[in-house]
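Asks: Given next are the chains, with one letter for each unit.
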Amino acid sequence: MATYLIRRLLSLIPVLLWITVLSFGIMHLAPGKPTDAATSFNPRVSLEARQRLEQLYGLDQPLARQYANWLTRIVKCDFGRSFLDDRLVIEKIAERLPITLAINLLSLGLIVGLAVPLGVCAAVRPHGIFDRVTTVLVFVGYSMPSFWLALLCMAWFGVELRWLPVSGLHALDYESFGFLHRWADVAWHLILPVSVAAFVSLAGFSRYVRSSMIDVLKQDYIRTARAKGLSEREVLFGHGLRNGLLPIVTILGLSLPDLIGGSVIAETIFSIPGMGRLFYEAVMARDYPVIMALVTVGAVLTMLGNFLADVAYAWADPRIRVGSEGSA
Amino acid sequence: MNRTDRLAWIGMSLILVLTVLALAAPWLAPYDPLAVSLPEALLPPSAAHWLGTDQLGRDVFSRLLYGTRISLVIGFIAMGVAVGVGVTIGAVAGFAGGWLDGVLMRAVDTLLSIPTIFLLLAVIAVDPAERLVSLTRWPIVGPVAAAVFHWIDPRIVVVMAAIGLMSWMGVARLVRAEILSLKEREFVLAARGLGASRWRLMTRHLLPNAMGPVLVSATLGVGGAILTESVLSYLGLGVQPPTPSWGNILNEGRVALGVAWWLTVSPGVCILVTVLAFNLVGEGIRDRFLR
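Residue numbers (this note's numbering), protein chains in the order written: chain A, 1 to 328; chain B, 329 to 619.
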């Protein structure tokens, strides 16, 4: 297991390097220099002042050197300062990351909680009535623009029926609430964003559970389990689901970039002060240090998620780790 | 004809109808999609304006019709770019193997690990349209670029190119996997034994046999590209107003969410139906030919 973990970790390094090259490269496609935004609209900035700024950001050095400098700095988690308010980028991210992570974990929980039963029910009788209905729903879910769904939910549950709050993370008089009331208030505000975020991935996900379960239920050991007289429930959940869920772990890991990317849309629509909204604001303001940092952080989060998924898979299925050690 | 076939035909006819609507938009649209008429702002659907009007009094139905053009063009061209890049890179990686394969596949892993929307927004944030326009001053490429920009706004070219360049990775992986398994098959070995050149092997024997899965993922990809364009335009970073696109109509609708539901409902239905149509066709092809 240890060898497997180390090999898997080492294989992340080239991808990490590529990520930094990419986010560095994109920013250097920009016309003009990043300091232009801070200086060129101000006629009183002298040439010397501009050069001093460029030196400060190292923009007068060759590209390769600039990249090397930037790389050594981000290894130490120093992403520089935001052009917008001159705060440390890492601070800005640190205060918003937990919100985004919490929302994504909640919707991930919701996805798994709903998709697994849906997929299993559909797999028990493939092409039965339940399967057909869910198939149609899955197609619609696949094709649904999530931001439109968010707008519709806002208009219906928020504006029309006034059941749920439509924006923000908590009520205006949040500070005056007691401890429990605060939690309830935040949860209340999260209902719409979390369920909208979950809905989109739910469709694809229940499909994966279904096809994985169909494959598993064809296996010999399922027939054996039935033949020795186990109850259908034990066959399905004890023998079937445990094996059927394995490939799902990997798919969950692979769906992470979509979830994190989706938070840009969800947080913008519901005005939630998370990482996605920070990214959107940075893009609108051409705040390059924040954009570069968030691209890197988003990718690292995804890689971490995939790594955890692989570890979980290897832990649950000895064939993976033994096989890879054998070939090493 | 089974059920998926039937659904695929429904999808196919929907795409056909949409294409006709897009082509015939100037004749079908009851109003000029850009004609502002402030006294008629935010009218609900009626006999005169089938789907109502927006904040500037423009006819929503006409704007949606013209939006169909934008969506279909962006969907097809972005997917064309993605398939072109994906097939090339996948074929080279699968055929060459070795370090080249390693480098290319790590690049694919990298792009897949960054949320697509992050990459797209980052690329659009650096404003590449300005750079593209400067292409027109180049020798040889210049006139071609100028001709293209005469027909399509450079900012829309950026959106198409960006979406295409961010979605080739799946195709590349597919093609690479197909080539890897195909190149050990007897008919390829036979062709090689007969002295076929690498180019001939690739173009006559390997690629044609790897095209099935590519076709499926391209069809699904058109829907995906249309969806992505609508997100970008909704965020105000894709197709810019006054040019109508389903996404930016939704953006205008958000402002009037409680007042003018028709501005939000109709473009969303258009996106949903169009993307659904491409997904139905893609799944139909998969069911029919690849299982």
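Calculated directly from the structure, the hints in this document are not laboratory data. Don't take every hint at face value.
Unchecked claim - Label pairs and their in silico Cβ distance ranges: (1) B:GLY412 - A:GLY238: 18 to 26 Å; (2) A:TRP183 - B:GLY564: 33 to 41 Å; (3) B:GLU512 - A:GLU232: 15 to 23 Å; (4) B:PRO373 - A:VAL300: 42 to 50 Å; (5) A:LEU97 - B:ALA505: 45 to 53 Å; (6) A:ARG223 - B:ASP333: 46 to 54 Å; (7) A:ARG52 - B:ASP360: 49 to 57 Å; (8) B:ASP455 - A:THR72: 22 to 30 Å.
Here a beta-carbon is modelled for each residue, glycine too, at the ideal position from N, C-alpha and C.
Asks: Take the hints in turn and mark each one as holding or not.
Replies: Status of the hints after comparison with the structure:
| no. | hint | in the structure |
| --- | --- | --- |
| 1 | B:GLY412 - A:GLY238: 18 to 26 Å | violated, 49 Å |
| 2 | A:TRP183 - B:GLY564: 33 to 41 Å | holds, 34 Å |
| 3 | B:GLU512 - A:GLU232: 15 to 23 Å | violated, 43 Å |
| 4 | B:PRO373 - A:VAL300: 42 to 50 Å | holds, 48 Å |
| 5 | A:LEU97 - B:ALA505: 45 to 53 Å | violated, 36 Å |
| 6 | A:ARG223 - B:ASP333: 46 to 54 Å | violated, 32 Å |
| 7 | A:ARG52 - B:ASP360: 49 to 57 Å | holds, 53 Å |
| 8 | B:ASP455 - A:THR72: 22 to 30 Å | holds, 29 Å |
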